[in-house]
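Required output: the full structure, derived from the provided sequences and hints.
There are 2 protein chains.
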Amino acid sequence: MPKIEVDYRDYFRAVAEALRGAGMLLVSVDRAGRPNAMTIGWAALGPVWGRPAFMAMVRPSRYTYGLIEESGDFTVNLLPKELARVLDFCGSRSGRNVDKFAAQGLTPVPGRKTKSPTVEQAVLSLECRVVGKCDLTSEGLDPDVDRSSYPRGDYHRLYFGEILAVYADPELVGK
Amino acid sequence: MPKIEVDYRDYFRAVAEALRGAGMLLVSVDRAGRPNAMTIGWAALGPVWGRPAFMAMVRPSRYTYGLIEESGDFTVNLLPKELARVLDFCGSRSGRNVDKFAAQGLTPVPGRKTKSPTVEQAVLSLECRVVGKCDLTSEGLDPDVDRSSYPRGDYHRLYFGEILAVYADPELVGK
Numbered sequence: 001m002p003k004i005e006v007d008y009r010d011y012f013r014a015v016a017e018a019l020r021g022a023g024m025l026l027v028s029v030d031r032a033g034r035p036n037a038m039t040i041g042w043a044a045l046g047p048v049w050g051r052p053a054f055m056a057m058v059r060p061s062r063y064t065y066g067l068i069e070e071s072g073d074f075t076v077n078l079l080p081k082e083l084a085r086v087l088d089f090c091g092s093r094s095g096r097n098v099d100k101f102a103a104q105g106l107t108p109v110p111g112r113k114t115k116s117p118t119v120e121q122a123v124l125s126l127e128c129r130v131v132g133k134c135d136l137t138s139e140g141l142d143p144d145v146d147r148s149s150y151p152r153g154d155y156h157r158l159y160f161g162e163i164l165a166v167y168a169d170p171e172l173v174g175k
Numbered sequence: 001m002p003k004i005e006v007d008y009r010d011y012f013r014a015v016a017e018a019l020r021g022a023g024m025l026l027v028s029v030d031r032a033g034r035p036n037a038m039t040i041g042w043a044a045l046g047p048v049w050g051r052p053a054f055m056a057m058v059r060p061s062r063y064t065y066g067l068i069e070e071s072g073d074f075t076v077n078l079l080p081k082e083l084a085r086v087l088d089f090c091g092s093r094s095g096r097n098v099d100k101f102a103a104q105g106l107t108p109v110p111g112r113k114t115k116s117p118t119v120e121q122a123v124l125s126l127e128c129r130v131v132g133k134c135d136l137t138s139e140g141l142d143p144d145v146d147r148s149s150y151p152r153g154d155y156h157r158l159y160f161g162e163i164l165a166v167y168a169d170p171e172l173v174g175k
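Going down the list, the sequences are from chains E and L. Mapping of the first sequence onto the numbering used here: position 134 corresponds to residue 134, and the numbering continues sequentially without gaps. Mapping of the second sequence onto the numbering used here: position 104 corresponds to residue 104, and the numbering continues sequentially without gaps.
Just so you know, these hints were derived from the structure itself, not from any lab. There may be inaccurate statements among the hints.
Have a look at the derived ranges for each label pair, beta carbon to beta carbon [unchecked claim]: (1) L/Gly91 with E/Thr107: 40 to 48 Å; (2) E/Ile4 with L/Pro143: 30 to 38 Å; (3) E/Gly105 with L/Asp135: 38 to 46 Å.
Given the structure is predicted, the values throughout are model-derived calculations rather than measurements. C-beta atoms are modelled at their ideal positions from N, C-alpha and C, and glycine is treated no differently.
See below:
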């Protein structure tokens, strides 16, 4: 697909709708260059420290966690609606046990600014470098959130990803 | 001004541009009901824990910090461009020493869902309840960010504000 550089601010609504819907693919990479994809539904975007930021949340138990800690970057990818099955798959398997890219026929594309690749099939991709992180704990949480989202105490690490590149196939976003 | 309920996702661009420009007013309130306004330029928005969230950053040294800790809520207000002087003022004074609402002729409007009021003069207001927080530390930060944004080690507390109400005068946003 031909993709052009775009301004992330023009795609907030598409991103927010995708996150609330089938999700987006957060892609990271191991030292050997093998990519992994995790489905995410929670995130926030905006200017932080004067930089455009994508705030992603990853639980320490996830395979993705170790990869991001090691590489220091990740990408976020919006898939077309017909690939919702990929999001189901990538949200219910661990990259420790399966090569999700191979299993789902995803094609990694080398990141322009990140070690982590993007996804050829995506209609919008954001490349992000980790510039900050902080860890959630039970104390800071509303009891309802704590109960419903952290029944096993597996609190998220929040990653502040500086958005280094964003590209899209504008006609296909939201399709 | 007549304001109507709106979807925050339709106003992301306006919010992101205001934050990067003159800023927005983060309003909190003390136990006696006295409001305070702080100018902010860094924030992120998106769905977190299945709730629309405004992530605000407040340094513990700020007067606002104690107010939010006490009340558990805040509002975020977008002012029309002709009130840029208000943002300058509220970004350079402490509410410990001055009643910024009185000094700048701001009119507090009781929150519909929050103890913290909104600002009559705003063209867009978001009412947020704190449902999570986490504290930044030096360890998690990129050295450039640490040096440039935290020379005095006054690391932000990040507040996850669930957006409970959003209203705007749509014709005036961005004017």
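Confirm or reject the claim that E/Gly105 and L/Asp135 have a C-beta distance inside 38 to 46 Å.
Check passed, 42 Å falls within 38 to 46 Å.
Cβ distance range 30 to 38 Å for E/Ile4 and L/Pro143, holds or violated:
33 Å, holds
Cβ-Cβ distance between L/Gly91 and E/Thr107: within 40 to 48 Å?
47 Å, holds
Checked against the numbered hints given earlier, this structure breaks none of them.
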